[in-house]
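Visitor: Make a model of the complete structure from these sequences and hints.
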Amino acid sequence: MSSRRVLSRVAAGVLLANAVPHGVAGVQGRRFPTPFASPPGRGRSSPGLNVVWSGMNVVGGMVVLGRRTSGREWFAVGAGAAVMGVFLARFFADTPAPRN
51 MSSRRVLSRV AAGVLLANAV PHGVAGVQGR RFPTPFASPP GRGRSSPGLN
101 VVWSGMNVVG GMVVLGRRTS GREWFAVGAG AAVMGVFLAR FFADTPAPRN
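Mapping of the sequence shown onto the numbering used here: residues 51 to 150, in sequence order.
No lab work stands behind these hints: they were computed from the structure.
Fair warning: there could be bad hints in the mix.
[What the hints assert, rightly or not] Ranges between beta-carbon positions, derived for each pair:
#: 1; residue 1: GLY105; residue 2: ALA129; range: 20 to 30 Å
#: 2; residue 1: MET106; residue 2: LEU57; range: 17 to 27 Å
#: 3; residue 1: PRO89; residue 2: GLY121; range: 39 to 49 Å
#: 4; residue 1: ALA132; residue 2: GLY91; range: 13 to 23 Å
#: 5; residue 1: MET106; residue 2: GLY79; range: 15 to 25 Å
For every residue, glycine included, the Cβ atom is placed at its ideal position computed from N, Cα and C.
Guide: Right, dumping it as structure tokens:
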């Protein structure tokens, strides 16, 4: 497996993992940070925009993943998802909670 293929699988895992918190927040009707908020990544975007951003991440992850993925390549997808999960946990731990 080439390093380019491994990196593409890691990128797919990152995108797919990033889709989860945005999709959950959107479906729950909660505002959540997106790159389109002001300031980007810190301000809160509408639930609808979070659903759209989640969908864009899913589509991007599936496009990068491609049609043929072997069993060993799924480890790279999982590694990308795990790294993104840790990053998101640390990033959002430093983001102040919205005031109700």
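Visitor: Does each hint hold? Answer for all of them.
Guide: Okay, the hints, checked on the actual structure:
no., hint, result
1, GLY105 / ALA129: 20 to 30 Å, "24 Å, holds"
2, MET106 / LEU57: 17 to 27 Å, "20 Å, holds"
3, PRO89 / GLY121: 39 to 49 Å, "42 Å, holds"
4, ALA132 / GLY91: 13 to 23 Å, "21 Å, holds"
5, MET106 / GLY79: 15 to 25 Å, "19 Å, holds"
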